[in-house]
Structures are given as structure tokens and as C-alpha cells.
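**Student:** Taken in sequence, the protein lines are chains A and B. Going by this note's numbering, the first residue of the first sequence is number 1, and it counts up by one from there. Going by this note's numbering, the first residue of the second sequence is number 1001, and it counts up by one from there.
These are computed hints drawn from the structure, not numbers from a lab. Nothing here was measured: the structure is a model prediction, and the numbers come from that model. We put the beta carbon where it would ideally sit given N, CA and C, even for glycine. Hints may be right or wrong, so weigh each one.
Some chain A residues judged to face chain B by a derived CB distance under 7 Å, without partners named [stated by the list, open to error]: (1) Pro43; (2) Pro62; (3) Ser117; (4) Pro160; (5) Ala164; (6) Ala268.
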Amino acid sequence: MTRSFERERRTPAAPRTRSMRVMNMHIFSHVLLVVWSFVALFPVWMLIINAFKSKREIYANPFGLPGAWTLENFTSAIRDANYLNYFRNSLTVVVVSLFMILALGSLCAYALAHWRSRLSGAIYFFIIIGMMLPIKIATIRLLEMMKAFGLLNTLWSLFPVYIAMGIPTSIFILTEFIHGLPNELYEASFVDGAARLRIYSSIVLPLIRPALATVAIYNLVPIWNDLWFPLIFINKEAQKTVLLAVTKLQGQYATDWPKVLAVLTLSALPVILLYLMMSKQFIKGLTAGAVKG
Amino acid sequence: MDARAITRPIRRGGGSIRPSGAYWIWYILPALLVYAVFMAYPMLDSVRLSLYEGTTGARRFVGVANYVKLFTDAVVSQRFWNAFGNTWVFFAFHMLLQNVLGIFFAHLLTNRTMRGSGIYQSIIFIPCTIAVLVTGYMFKMMLNPMWAGPTLKNIGLAFLSRPWLGERSTALTVISLVSCWQWLGIPTMMFVAGFQGIDEDLLEAASIEGANNWHQFWRIKLPLVIPVVGMIAILTFVSNFNAFDVIYSMATPNGSPDYATDLIGTLFYRYGVAGEHPIGIPEPGLGAAVSTTVFAMLLCGVIPTLRATRGKE
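Isolated chain A, as found in the complex:
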């Protein structure tokens, strides 16, 4: 009797005649979720296993595991296509942009969380409104600006765009987070006579690390995966990012499908691996943009 009551407490949503029905429902749920997992994974699975097949086998045996595993597609893509160079460019763009977004964003959020005035409220609203507006709308003007600054065909044309794009969300998330920190923290430090900038670097920054991680992930995926701005700003081989190179290699290897698949796998792999290591933070980070409004 007691046991059944406790179970009732734990599962308040369960109906009265639950034992059989709950069991059945769960089997039904599992079946549906497995089907959906299969639908979500099947194309990715096809992409990866077919990249290990020979050009002939990919037609003869499209769905199965490779009869003879070959790394040839990957090695030739890396060697001939100078893939490592593209990879270095993408990594540079992501690292520099993320660092600047976090540095500028946290500094600004620190001030906006402490400075109380009509002006700061206006500045906050002006920045926050950018969260909902895609920067693509500004493309025509940005292209002319980059041309005027002589930054076209260099990675330098991408940094400012990605940093500007990341600032609204980072300020929204960080301001809210800093505001949630206990006030005693600052008061105690002021008694010690610490300078405000030092409070920022030695107290605030370490404490807001989880929020910084959310902001970093929220920006990392779109920046790594962005095609639009590299496609428009960069036309020089040495400065291309991975995604931009993929469009070129896709055309070049058009008839050599396993090789195209190898290039696609290589370009998707870094983010997927990172995701598998920290999927919880990714889901939180990527949906942060969704609940940010």
C-alpha cells in the first residue's frame, strides 16, 4: 500500500490503472523515438561510411558497410586540396571571433549590469534588438565597406562581421547572468579596495564561466558553418575557409562521389566530435538563441 502510494507521488501524471498501460506506453514511445533517431542518423551514417568506399563500390553497395575500407578519399582530399590550409583559416576565424565576442561582450555586460541610467537602458535596448535581426540584411553595405577598407579576400573581412553578429546575444546572456551574482561579492571587494577592472578580471570572469561557455557554443557553430560571408568576401585560394572550399571541391570532384563525401565528412567532423564530447552544453547553447527573446 505504502509502496504504491509512493509510486503515485513520483508519477503524478500516470493514470490510475497505470501498471500495464504505462509499460505499454513506454514501449510505444521507445519505438517512435528509435525510429526518429534512425531518421536523424541515417543520412549522417551514409555520409560517413560511403566516404570509406571506392568509387565503384559506392554504386554497387550504397547502403552497406564498405567491403574494403579505404582511406584513399581522405588522404587525397587532404593532400591535393590543401585541406589543412582551409582548416587553419576556419580555426583562426572561429578562435579570434569567439575571443573578441567574449572579451568585448563580457566587459560591456559587466558595465550594463552595474550602471543604472536612462542612457544605459537605451544602449541595452539598441544592442539587444540586433538579436532578432539577421546581419545578412546588411550584406550590400558591408560588401562595399570591406571593399573600401581593402579587406576583401582576407580573413580580416570576416572578423568584424562575426564579432558584431555575436555581440547582441552575448550581452543579453551575460548581463542577465552578472546581474544574478550576489551583491555582497562586490561590496566585500570594495572594502578591500580592489579596482573595478580587477574585480571584473579576478571575480566576475571566473564566476560567469558557464555563461561564457553558452555564448561560445552559441556562436561557434554558426561561425564555423557559415558560407554566406566567405562566399561573398573571399575569392582567394589561400584565404578560403573550410565551408567555402567544400563548394569548390564539390564541383571539382563532381564525378568522384566518395571523395566529395570525404571532404564533407572532414568539414563536419570537428563540430560533431565537439558535440559528442559535450552534447548537454551544445543543446543548451544552441537553444539559448531560441529562448533569448
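Fit chain B to the given chain A structure using the hints.
**Tutor:** Relative to chain A, chain B alone:
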């Protein structure tokens, strides 16, 4: 989310803890400048550029001529309204599938007595981390009848082997479905958060009153997560009216076949940046008119939503 509310606790600290704006502005300026120069200014200036013709140096004020051309010119307006309509179809697919499937799967995933929910969530979310371009090329290959056609014929599934992307009647539908496949994880996770936020006592009370699962879902849970649908609508709208990569990779920037998959995003790219096929001379003014139209549509949806969510807190 009122910035003034944010700073309230600090006030107790006394004079030295509250420096003036002249001090704080130095913290704010770097981020504000980058944002203003590289996002706010070019966005607003694109609106001005839509009233001009030609590029830097040879720019000429033409008033609303670009808009007149965009909405009424025999060739241009036909392309524009075609892309405009296609984008709404694209949007309709997303809204229907993402909300229905998202609510359905989120409801399954938030069942407290079911195990393995975390693993399912991780798997369902994987497509969201892949570049749209990679997804596009991947599906383009898989949908090519040359690839798996013979195998499918052998196992009696020949009907699956069709030039899905080559026919006007199927191309846009297939591309919309691919895009829905990719993004379903995000609305699902938003609904998961919505269902988890529902007060347990409410459901317990309903259960004591004799409401079965079916009633609880339709009468209590669903009405409580409906606000999430509004949020998803805005986000989907913003991303769909800027969608480009998926068409670029699966159907070329010309929206082939015969502009059947042309969206506002690809139209903007051709008019404003690359030039309309086959001439290839971009018209920045016309492109700016396209982006300004999208901008205006977004503002109509975004500002009321932002106001509403700010007001609630």
C-alpha cells in the same frame, strides 16, 4: 528584461560602488562601436542604398524606382513574387512539421518514468550541428537516382528512385523536408523546456480530479506550451527568409529547376551580389530593395514580440 531593473541591487552599496556613466562608458564603447559600425549602420544604410542606382562612385538617387521595379517590372517582379511565394511554402512546411513533430517528440521525451531520454535528445539534435551546406550536398547525392537507383530497384523500392530535385513538382517540397529534418532538434528542445516548466501540482490536481493522460495533454499541457509556438514562428520566419545555403547546395543559386526552388535568400544573392543569371551584373540598389523589404517584414514581427516578452518579466 529591463536594464534598469538589472542594476537595482547594486544601489545599496553606496557612493564608491556606483561610478558615473562617464566611467562605465569605457567598458561599453568597444562592443558598442563594433556593433554599431558593422551591424547597425550597414543594416540601416542598406535601406538608404535601396533608393539609389549603381555602385560606389557612380551612384545616382532614383527614389523608389527600385521598389517599383521589384514589385511591378514584368521580369523582375515575376521572379520576386515567385521567390516570395516559395519562401512562404518553405515556411509553411517548417511551421507544420516542426511544431507538430516537436510537440509530439518533446512530450515523449519529458515522460518522467521513461529511461534514456537524454540519449534520444543527443541523437535527435545531431543534425542541428552540421553545416546546412554539408547537409545539402549530402542529400543531393542521396537523392540522385544514379546512386542508389539500381539497388532500390533490386529490393522492390524502385518508386523511391526518382529525380526528386529535377522536377518542378517535387523539388521545393523535398528541399523543405530536408531543411525540416535538419532543424527539428531546436523546436523539440524548446518544447522539452516548455513541458518541463509545467507545474507538477497542476497535473497532480488534474489527475486526482480524474483527468486521464489524453485530457491532461490537450487541456493542460498543450495550452501551456502554445506560447513557445509563437517564439518558434518568429525564429523560423527570420531564418527562412534568409535561407540560402540549402538552395545553393541542392538546387544552385538560380533555384533550379526553372526557379521552382528560388527563395528570397537566393534572389537577394543574385540581384544584390552575384548578378542575375546569365548576365552576371549585380544591381546593389535592387538587392538592397529586396533586403529592405525583408527587414520591414521582420521588424513588423520582431518588435511586438520583443515588447511582449520584455513586458512579461
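**Student:** Regarding the hint that Ser117/A lies at the interface with chain B, is the smallest CB-CB distance below 7 Å?
**Tutor:** holds, 5 Å
**Student:** Just to be careful: measuring from the Cβ of Pro62/A to every Cβ in chain B, is the smallest value less than 7 Å?
**Tutor:** With a closest approach of 4 Å, the Pro62/A hint holds.
**Student:** Would you check whether Ala268/A satisfies its interface hint, that is, whether its CB is within less than 7 Å of any CB in chain B?
**Tutor:** holds, 5 Å
**Student:** Given Pro43/A was flagged as interface, is its beta-carbon under 7 Å from a beta-carbon of chain B?
**Tutor:** Hint on Pro43/A: holds, closest Cβ of chain B at ~6 Å, below 7 Å.
**Student:** Against chain B, with CB atoms and a cut of 7 Å, does the hint on Ala164/A hold up?
**Tutor:** holds, 4 Å
**Student:** Grab the minimum C-beta distance from Pro160/A to chain B and call the hint holds if it beats 7 Å, violated otherwise.
**Tutor:** holds, 5 Å
Of the numbered hints given earlier, the model fails none.
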